[in-house]
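**Q** So the chains spell out like this:
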Amino acid sequence: MDENEIETARAQLSGIFTLIAEMQAVDTSGIEPMSHAQDLSQRLRSDVVTEANQREAFQAIAPQIEGGLYLVPQVIE
Amino acid sequence: MFNLSLQQIGDALRAKKISSVELAQLYLDRINALNPKLNAYITLQPETTLAQAQAADVRLATGKADVLTGIPFAQKDIFCAKGWLTTCGSKMLHNFVSPYDAHVITQFNNAGAVNLGKTNMDEFAMGSSNETSHYGSVKNPWDTARVPGGSSGGTAAAVAARLCAAATGTDTGGSIRQPAALCGISGIKPTYGTVSRYGMIAFASSLDQAGPMARSAEDCALMLNVMTGFDERDSTSLQRDKEDYTRDLAKPLNGLRIGLPKEFFAEGLSDDVAQAVEAAIAEYKKLGATVVEISLPNTKLSIPVYYVLAPAEASSNLSRFDGVRYGYRAPDYTDLADMYEKSRAQGFGEEVKRRIMIGTYVLSHGYYDAYYLQAQKIRRLIAQDFTEAFKHCDVIMGPTSPSTAFKLGEKGDDPVQMYLSDIYTIAVNLAGLPGMSIPCGFGENNMPVGLQIIGNYFDEARMLNVAHKYQLATDWHSRAPQII
Numbered sequence: 021m022d023e024n025e026i027e028t029a030r031a032q033l034s035g036i037f038t039l040i041a042e043m044q045a046v047d048t049s050g051i052e053p054m055s056h057a058q059d060l061s062q063r064l065r066s067d068v069v070t071e072a073n074q075r076e077a078f079q080a081i082a083p084q085i086e087g088g089l090y091l092v093p094q095v096i097e
Numbered sequence: 279m280f281n282l283s284l285q286q287i288g289d290a291l292r293a294k295k296i297s298s299v300e301l302a303q304l305y306l307d308r309i310n311a312l313n314p315k316l317n318a319y320i321t322l323q324p325e326t327t328l329a330q331a332q333a334a335d336v337r338l339a340t341g342k343a344d345v346l347t348g349i350p351f352a353q354k355d356i357f358c359a360k361g362w363l364t365t366c367g368s369k370m371l372h373n374f375v376s377p378y379d380a381h382v383i384t385q386f387n388n389a390g391a392v393n394l395g396k397t398n399m400d401e402f403a404m405g406s407s408n409e410t411s412h413y414g415s416v417k418n419p420w421d422t423a424r425v426p427g428g429s430s431g432g433t434a435a436a437v438a439a440r441l442c443a444a445a446t447g448t449d450t451g452g453s454i455r456q457p458a459a460l461c462g463i464s465g466i467k468p469t470y471g472t473v474s475r476y477g478m479i480a481f482a483s484s485l486d487q488a489g490p491m492a493r494s495a496e497d498c499a500l501m502l503n504v505m506t507g508f509d510e511r512d513s514t515s516l517q518r519d520k521e522d523y524t525r526d527l528a529k530p531l532n533g534l535r536i537g538l539p540k541e542f543f544a545e546g547l548s549d550d551v552a553q554a555v556e557a558a559i560a561e562y563k564k565l566g567a568t569v570v571e572i573s574l575p576n577t578k579l580s581i582p583v584y585y586v587l588a589p590a591e592a593s594s595n596l597s598r599f600d601g602v603r604y605g606y607r608a609p610d611y612t613d614l615a616d617m618y619e620k621s622r623a624q625g626f627g628e629e630v631k632r633r634i635m636i637g638t639y640v641l642s643h644g645y646y647d648a649y650y651l652q653a654q655k656i657r658r659l660i661a662q663d664f665t666e667a668f669k670h671c672d673v674i675m676g677p678t679s680p681s682t683a684f685k686l687g688e689k690g691d692d693p694v695q696m697y698l699s700d701i702y703t704i705a706v707n708l709a710g711l712p713g714m715s716i717p718c719g720f721g722e723n724n725m726p727v728g729l730q731i732i733g734n735y736f737d738e739a740r741m742l743n744v745a746h747k748y749q750l751a752t753d754w755h756s757r758a759p760q761i762i
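Sequence lines, in order, name chains A and B.
Here the working numbering is used: the first residue of the first sequence is 21, the next is one more, and so on.
Here the working numbering is used: the first residue of the second sequence is 279, the next is one more, and so on.
Keep in mind the hints are simulated off the structure, nothing from the lab.
Predicted, not measured: the structure shown is a model, and the values here were computed from it.
Ideal placement from N, C-alpha and C gives every residue a C-beta, glycine not left out.
Worth double-checking, as some hints may not be accurate.
Some residues of chain A that are not near chain B, with every Cβ distance over 10 Å (derived) [claimed, not checked]:
| id | residue |
| --- | --- |
| 1 | Asp22 |
| 2 | Glu23 |
| 3 | Asn24 |
| 4 | Ile26 |
| 5 | Glu42 |
| 6 | Asp67 |
| 7 | Val68 |
| 8 | Val69 |
| 9 | Glu86 |
| 10 | Gly88 |
| 11 | Pro93 |
| 12 | Gln94 |
Here are the computed distance ranges between Cβ atoms for each label pair [what the hints assert, rightly or not]:
| id | chain 1 | residue 1 | chain 2 | residue 2 | range |
| --- | --- | --- | --- | --- | --- |
| 13 | A | Thr28 | B | Phe280 | 39 to 45 Å |
| 14 | B | Glu571 | A | Arg30 | 25 to 31 Å |
| 15 | A | Asp67 | B | Val569 | 50 to 56 Å |
| 16 | A | Ser66 | B | Phe280 | 22 to 28 Å |
| 17 | A | Gln79 | B | Phe280 | 40 to 46 Å |
| 18 | B | Gln553 | A | Val68 | 57 to 63 Å |
| 19 | A | Arg65 | B | Asn281 | 25 to 31 Å |
| 20 | B | Ala544 | A | Tyr90 | 52 to 58 Å |
| 21 | A | Glu97 | B | Arg598 | 25 to 31 Å |
Excised from the complex, chain A in its bound form (with noise of 0.2 Å):
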């Protein structure tokens, strides 16, 4: 970003957060928060193999791969 830009950037976040600070004006205590529009619990399965190995069909799309691994830049001397 050059100064122009963050200029634009910060004039744009703080309208949203003025926005967003409408919501501190509303009395929520005792209210439970809702995370999710169902109230589930997580299903769970037996711990078995369910997928098939698809690693070519994966890797064949990697920027960047060798003998099987995906490549990145170097993170230990």
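Since the structure of chain A is provided, determine the placement of chain B on it from the hints.
**A** Okay, now just chain B, sitting in the frame of chain A:
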């Protein structure tokens, strides 16, 4: 041919009046002629389409055809489809040829449907005008100087311009209903958990839901029959008995109680939209419905709540795009951190970056309670408003969008103005309820107006019935833009 219903197209295919290959070719020719004006499609793969059509013809010949076998649909580019470029409207996935099918795609394939192509959309479904797509804006077929709405704008434009028989969309805050309204078509976002999200690129996982977009409620019902159903690969997919969504289409509307939220007819609603919606309500009274005023007092708060929760979920979901395993990787970088940063800085567009920044901020230590938790608490208040309202009515009606389609570029520089246009649709996603939009007339500049129908949980069959009876009594849904 291009104005037939899905049932009629299927009948013609089964009666061998036309083959699936001929039909697909007709649509491909039409797309080649008109898509350059509209930019509704991102990807076409005619060979894949025609091979699918050929297979459908074999199935039709052996008498094993289902309702949708051989019919050409378009798929929003948010659905992974094996062998198809799947971009989600982003440069980040400009080279992502999906190695697998989304559940929705599998369902269409199993039904023998034909995929014409992938439709344009706002980048990662973040937008209400289709202007955030890396692949250029989509133009509204009713006036190519105007937006088609978003984020399923490509689908809406393609359906309205008859560039497919029908198509899919997804709706996180109104992304099926608002473009359906702005392009004069029908679209339904089902109850959260009804359609599997497997292979549907995630934006805000607790809100995202796929649904059909078509020229009529009847077509939507036939598509919903194919799209819905339990899928163990989506942890929020609901285990319910399979429904026939066409079962109540013909039911009379006598005694139907329509709730009109006073907050949906207040300041901010354009006169032309208000007039068309009020005329639709009058038509419903003629069909035997009664009207009751209701209140959804927290409607206004749905916008700030949504613009905290959706970016929060998005910031987490989009962290997977790092340039390592698939998608865009920056050409030059110094080390691993630099590669992540540059790939993300160059691969994501402005609106996506804005939402990732908002999301990470509201989730950060010290702000979590004030923003994220507070938004989740108000989300419950918003959902409770609907529970209260449905004690007094069977369906809720109002406008889908406060105005008809605005001009391209009109709201581009001001995200807040764009966000405010989602006022009538967002609360439905927060509550997880089903919502629908159907055409109910035209406003200023002859642009389509959408009527929103909100139902109680799992009440899609009734909503489709309510929409279908209106479409039998009126012809707004069969009007076509002049581009044709």
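**Q** Let me make sure I understand: some of the numbered hints might not hold for this structure. Which ones are they, in numerical order?
**A** Result: hints 5, 11, 12, 14, 16, 19 break, sorted rising.
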